[in-house]
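Protein chains in written order, with the numbering used here: chain A, 1 to 133; chain B, 1 to 133; chain C, 1 to 133; chain D, 1 to 133.
It should be emphasised that the hints constitute simulated quantities derived from the structure, not laboratory data. Each residue gets a CB set at the ideal place from its N, CA and C atoms; glycine is no exception. Just so you know, not all the hints are guaranteed correct.
Under the rule of at most 25 Å between Cα atoms (straight-line distance), these lysine-lysine pairs were calculated in the DSS-like manner [what the hints assert, rightly or not]:
1) D:K86 / D:K130
2) D:K62 / A:K62
3) B:K62 / B:K76
4) B:K62 / A:K10
5) B:K86 / C:K62
6) D:K130 / B:K76
7) C:K10 / B:K76
8) A:K130 / C:K10
9) C:K116 / C:K76
10) B:K86 / A:K10
11) A:K62 / C:K86
12) A:K62 / D:K123
With the C-beta cut set under 8 Å, the calculated list includes, among others, these residues of chain C facing chain B [said to hold, decoys possible]:
13) S49
14) L53
15) P55
16) N60
17) L68
As a plain string of letters, each chain reads:
Protein chains: 4
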Amino acid sequence: MFVTTTERVKFFDTDTMSVVHHSNYIRMFETGRVEFLRALGLSLNEMMSDGILFPIVEVNAKFHAPALFDDLLEIKTIAVSLTKAKMQFRYEIRRQGDEKILAEGSSTNVFTHDGKICRLPEKFFERLAKGLQ
Amino acid sequence: MFVTTTERVKFFDTDTMSVVHHSNYIRMFETGRVEFLRALGLSLNEMMSDGILFPIVEVNAKFHAPALFDDLLEIKTIAVSLTKAKMQFRYEIRRQGDEKILAEGSSTNVFTHDGKICRLPEKFFERLAKGLQ
Amino acid sequence: MFVTTTERVKFFDTDTMSVVHHSNYIRMFETGRVEFLRALGLSLNEMMSDGILFPIVEVNAKFHAPALFDDLLEIKTIAVSLTKAKMQFRYEIRRQGDEKILAEGSSTNVFTHDGKICRLPEKFFERLAKGLQ
Amino acid sequence: MFVTTTERVKFFDTDTMSVVHHSNYIRMFETGRVEFLRALGLSLNEMMSDGILFPIVEVNAKFHAPALFDDLLEIKTIAVSLTKAKMQFRYEIRRQGDEKILAEGSSTNVFTHDGKICRLPEKFFERLAKGLQ
Numbered sequence: 001m002f003v004t005t006t007e008r009v010k011f012f013d014t015d016t017m018s019v020v021h022h023s024n025y026i027r028m029f030e031t032g033r034v035e036f037l038r039a040l041g042l043s044l045n046e047m048m049s050d051g052i053l054f055p056i057v058e059v060n061a062k063f064h065a066p067a068l069f070d071d072l073l074e075i076k077t078i079a080v081s082l083t084k085a086k087m088q089f090r091y092e093i094r095r096q097g098d099e100k101i102l103a104e105g106s107s108t109n110v111f112t113h114d115g116k117i118c119r120l121p122e123k124f125f126e127r128l129a130k131g132l133q
Numbered sequence: 001m002f003v004t005t006t007e008r009v010k011f012f013d014t015d016t017m018s019v020v021h022h023s024n025y026i027r028m029f030e031t032g033r034v035e036f037l038r039a040l041g042l043s044l045n046e047m048m049s050d051g052i053l054f055p056i057v058e059v060n061a062k063f064h065a066p067a068l069f070d071d072l073l074e075i076k077t078i079a080v081s082l083t084k085a086k087m088q089f090r091y092e093i094r095r096q097g098d099e100k101i102l103a104e105g106s107s108t109n110v111f112t113h114d115g116k117i118c119r120l121p122e123k124f125f126e127r128l129a130k131g132l133q
Numbered sequence: 001m002f003v004t005t006t007e008r009v010k011f012f013d014t015d016t017m018s019v020v021h022h023s024n025y026i027r028m029f030e031t032g033r034v035e036f037l038r039a040l041g042l043s044l045n046e047m048m049s050d051g052i053l054f055p056i057v058e059v060n061a062k063f064h065a066p067a068l069f070d071d072l073l074e075i076k077t078i079a080v081s082l083t084k085a086k087m088q089f090r091y092e093i094r095r096q097g098d099e100k101i102l103a104e105g106s107s108t109n110v111f112t113h114d115g116k117i118c119r120l121p122e123k124f125f126e127r128l129a130k131g132l133q
Numbered sequence: 001m002f003v004t005t006t007e008r009v010k011f012f013d014t015d016t017m018s019v020v021h022h023s024n025y026i027r028m029f030e031t032g033r034v035e036f037l038r039a040l041g042l043s044l045n046e047m048m049s050d051g052i053l054f055p056i057v058e059v060n061a062k063f064h065a066p067a068l069f070d071d072l073l074e075i076k077t078i079a080v081s082l083t084k085a086k087m088q089f090r091y092e093i094r095r096q097g098d099e100k101i102l103a104e105g106s107s108t109n110v111f112t113h114d115g116k117i118c119r120l121p122e123k124f125f126e127r128l129a130k131g132l133q
């Protein structure tokens, strides 16, 4: 399963070199991830109310070509592995309607409860697992 | 009393127009404010452990000339009013060693406990009040 | 004339106090302003290709209540004054479908060419002026 | 060669989970990299005036433990490969005076002139090459 989200590039996303600052693609990955989970009916606020956090433990990114101010970007978020122990996603960022990948990457989140690694409770996992279908 | 703090401009502070994005001066005001309070021996972490928060309720800023990537900036934070009900500061931002003000502004914080406006407990106010001397 | 834009609150917009950091409302004001100008057919990229910049010279904001992670916010951007010398806007930010204003403010931009204050060329002003109707 | 830089965690670096947002470690890596190059006498502004840019093409990071508001962090930047074609660095972020690594990662920058990959001019490479000694 994959979910596509659009984001408009803001002035504050760009830098002196007139391109999106690379750290902001990492933020777009998160935006894509949150929307992927929303599509599964998984609300991060609901998880946080139950004391479940989902710290990110790894992120990797390659930057192929720059996005510019006011570009309308498509963030494609693709499930790689969704278990009770972790979530792994891949991301591809393009200009809307373009084939060319501007930036791509991957991330891994684990789950914690009271600051300790935990297994995702069944009620959330049920929904999460559908993301691999 | 005033406190001077220095900050180096980062790439991600600038935008496509090759200047510091105006929202980042608002962030520098906060950096100045935190250092002013540290100079008084006021730790915001200590206040937060006691359940005291200090939401900002107003900020005003004028931007006179741009700061650029890698500039070393001086944030001058000046106490205006420090009571048990609120903190008011003024700020002036210059390039280090320069007379010219690049950006200036003011802010007001109140104090809250459990989400309600409160008066600052004596143990913190004792330290805060010295800021007006 | 006013234009309403929606923005989803991201994790990186919030801080340790679990609310949107106040500097990010200033960024939302800009998002609202860019969308207001787009509604008039004014492309900031087109202005920049003609060497016209639009530095912000003043911003003011009041913060009434916090926005939280994942809130869907409405940014209402209202034209106050749109001349060949400057653009002034007011902003109101609410949760979508809510009456209550969470944050509000105003901003002033001037126009520059080659780093000097200029009057907005007629071809852009024609479109801008419609924003006051 | 390695260079150590310190950074204070700001409110706007943290998020609702009361920890530094992971994208901000990527920004700290850049801060470390800029200071490493400064230690070699390499000014990015001087390179940019000569039309040389240094886009980042890859970044990888692992997050082991959270940094918190007001922590004083040490960013250790270690040269991995510095050639006329690219710069590769590793980074380790710790609380000042602590052994434990909170976040670590690596990055690769290439060099471009007029938007095309180029080899770093000798006058800059002379200084850069000293970073591997």
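- Message: Hinted pair, alpha-carbon criterion (25 Å max): C:K10, B:K76. Please report holds or violated.
- Response: 31 Å, violated
- Would you mind confirming whether the straight-line C-alpha gap from B:K86 to A:K10 stays at or under 25 Å? This hinted pair is violated, its Cα atoms lying about 34 Å apart.
- Against chain B, is C:L53 within 8 Å by beta-carbon distance? Cβ of C:L53 sits 6 Å from chain B, so the hint holds.
- Given the hinted pair B:K62 and B:K76, is their alpha-carbon gap at most 25 Å? 15 Å, holds
- Hinted pair D:K86 and D:K130, Cα distance within 25 Å: 14 Å, holds
- Query: Straight-line Cα separation of A:K130 and C:K10 no greater than 25 Å?
  - Reply: Measuring from Cα to Cα gives roughly 24 Å; hence the hint holds.
- Task: Classify the hint on C:L68 as holds or violated, based on whether any CB of chain B lies nearer than 8 Å to its CB.
- Result: 12 Å, violated
- Item | Pair hint A:K62 and D:K123, alpha-carbon separation not exceeding 25 Å | 29 Å, violated
- When the nearest CB of chain B is found for C:N60, is that gap smaller than 8 Å? 5 Å, holds
- Item | Satisfaction of hint between C:K76 and C:K116, Cα-Cα up to 25 Å | 31 Å, violated
- Message: Please verify whether B:K62 and A:K10 have alpha carbons no more than 25 Å apart.
- Response: Holds. B:K62 to A:K10 sits at ~21 Å (cutoff 25 Å).
- Hey, D:K62 versus A:K62, does the alpha-carbon distance stay inside 25 Å? 15 Å, holds
In this structure, the earlier hints numbered 6, 7, 9, 10, 11, 12, 13, 17 are contradicted, and the remaining ones agree with it.
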